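Novice: If you read the protein sequences in the order shown, they are chains A and X. Per my numbering, residue 66 is the first one in the first sequence, and the count goes up by one each step. Per my numbering, residue 1110 is the first one in the second sequence, and the count goes up by one each step.
Hints are not guaranteed to be accurate.
[Unchecked claim] Derived DSBU-like pairs: lysine-lysine, alpha-carbon spacing no greater than 35 Å straight-line:
| id | chain 1 | residue 1 | chain 2 | residue 2 |
| --- | --- | --- | --- | --- |
| 1 | A | 367 | X | 1211 |
| 2 | A | 170 | X | 1237 |
| 3 | A | 220 | X | 1237 |
| 4 | A | 506 | A | 167 |
| 5 | A | 229 | A | 123 |
| 6 | A | 101 | X | 1163 |
| 7 | X | 1211 | A | 101 |
| 8 | X | 1163 | A | 170 |
| 9 | A | 101 | A | 229 |
| 10 | A | 101 | A | 503 |
| 11 | A | 123 | A | 220 |
If you are wondering where the hints come from, they were derived from the structure by calculation, not from laboratory data. Here the structure is a predicted model, which means the values were calculated and not measured.
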Amino acid sequence: MEMETTISLLDIRPIIPELTLICVGLILILLDLIVKKKEIVAVVGIAGTLVALFGTYKLYGFYEPQVAFGGMFVLDGYANFFKLIFFLNIILTICISMKYMKIEKASFGEYYSLLMFSTTGMMIMASAADLIVLYLGLELMALSTYILVGLMRKKPRSNEAAIKYFFLGAFSSAFLLYGISLTYGLTGTTSLSGIAESLNALNIIGSPITYLGLIFMIVAFGFKIALVPFHMWAPDVYEGAPTSITAFMSVGPKAAGFAVLGRVLFDAFPAMQGQWASILIPMAVLTMAAGSIIALAQTNIKRMLAYSSIAHAGYMLLGIIAGTHEGLTSMVNYLMIYLFMNIGAFAIVIMLRREGFQGEDLEDYMGLSKSHPLASFLMLIFMFSLAGIPPTAGFIGKFYVFMEVINAGYVYLAIIAVVFSVISAFFYLRIVMYMYMKDPKQEVTLTTSPTMSIALAITAMMILIFGIFPSILLNLVRYSILG
Amino acid sequence: MHVVFVYKTTTMPGTYIPSDYLSVAVIIIFAALIGLGAIAAGLLVRPRRPYARKLMPYESGNPPVGEPRYRFSVKFYIVAMLFVVFDVEAVFLYPWAVAYDKLGIFGFVEMMLFIFILLIGYIYVWKKGAFNWE
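Work out the full structure, taking the sequences as your base and the hints as a guide.
Specialist: Below you can see the structure in the form of structure tokens.
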């Protein structure tokens, strides 16, 4: 069979942000060999990411989706908005980790280039219009994240987390490949739109094998998003990983997982909406339930935030279950808000860490408002937002997701979600209560740095701005997804 | 496909005899017979003079010292891993070289980029001292 090389120089344009980020990663690797101060590597990393972000900004203007590499790579508003999330994620992560990695004695230059490679993988996932490209991006993201989780090489906890994450990630990759091969065997194509066409043309929409392929893929994405019952790795990995990486991976890979889940379900299996909704509904309910209820019993704040992020994944999943593009919009909107509030909360957790003091117990927060009123107030904003209390952005995020779920006709799901949201308010507000109403057990000094202050200022401001003027964010999301 | 023996058998309608696999069965039987026959012939013909030194792993080599399971340097694993990386690079180079005419200048640039990225990795491991044995 003669195969045409249809790749031209024009195909390079949509992947300029990805190429930039890869180049930055390579430059950082070489820079790490030359310079001793790792802060320089970090600053160059942020600068390079901003350049890549500018590339995405330039590509944002295209109204029509751009297709490259023979339809395998697509650049539309959906992909662009997710890329925006990934860029903000990596920049904020670098800001909060510069001082922290030094305290953990894991200040390697590779840390920053691995963050670049991982983010590139997520961006490829968001743009994948073909299952093979999707898998490629997923592996690039996952392999870099496994190393980042185990970066504190001297700590058994970090090693255990990395091994656990690696094994479960490998399992989920196997599930994904199995699902891909079943779907490919049925439809004869790996292209997402091609699958949708073949399913219609061959009239195999309801067939059990199609269903099986779909289930395998949902399982694989469920691992990445940490949906119940595929969430077991999350608390251990989140606890063992360096806290900055916990912040990074509680947003980045989760958002990437949602990006591909939304794209695969909406582009490849739109005709099977009833089927996949019937799989996702019990998963969403279980995810919200397990995340909210188990978090009540946690005494380690990183574990608590891990379960909280599981619960949030359940709320976001409601946006996909709604099955409309408006539902997808609400999910993406929630992800953006979640990015700010979650990284903000982890930034405060990082600030408590200092030489010889872990600062991960909930009791360490007792009476924090007396010694550090500003940090306590910021933590209060983040906790209110995570709990979904107005006027913070967390409320807006939840509100739109629940509204779209009700519009799609799942009133009972919205009621369940509100109930679990109330339950989860308990453990968020417990931290606020500890900070403001208890007496300090011990003297807590915070580790601050200029970049940390910048990150905290950005996250807290964004939460308040999006909470009070929700239309700013919502207009951008609507423009990106609905056109 | 070579069929060695084909027996045309008249069978009752509805019964299936996998006559196509007869040749496979014959080969299995012959292989087993030859293997067993060689062992049996050896048992009958060879002299039997066992002594302790014959039980050593290398009869005419050095006498073994210590346990076989001892700790060895982790450097071996780094070298093995790097070998895999550059091995895969060579595997990619072969199909590119074969299809060089068809891929043209685009394939050439693509391959140079690929090698360039690996080169950066090479510089990295070199500078980090992964090739330093001492």
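Novice: State for each hint whether it applies.
Specialist: We went through each hint and held it up to the structure:
{"no.": "1", "hint": "A:367 / X:1211", "verdict": "55 Å, violated"}
{"no.": "2", "hint": "A:170 / X:1237", "verdict": "18 Å, holds"}
{"no.": "3", "hint": "A:220 / X:1237", "verdict": "22 Å, holds"}
{"no.": "4", "hint": "A:506 / A:167", "verdict": "27 Å, holds"}
{"no.": "5", "hint": "A:229 / A:123", "verdict": "40 Å, violated"}
{"no.": "6", "hint": "A:101 / X:1163", "verdict": "60 Å, violated"}
{"no.": "7", "hint": "X:1211 / A:101", "verdict": "46 Å, violated"}
{"no.": "8", "hint": "X:1163 / A:170", "verdict": "55 Å, violated"}
{"no.": "9", "hint": "A:101 / A:229", "verdict": "32 Å, holds"}
{"no.": "10", "hint": "A:101 / A:503", "verdict": "44 Å, violated"}
{"no.": "11", "hint": "A:123 / A:220", "verdict": "43 Å, violated"}
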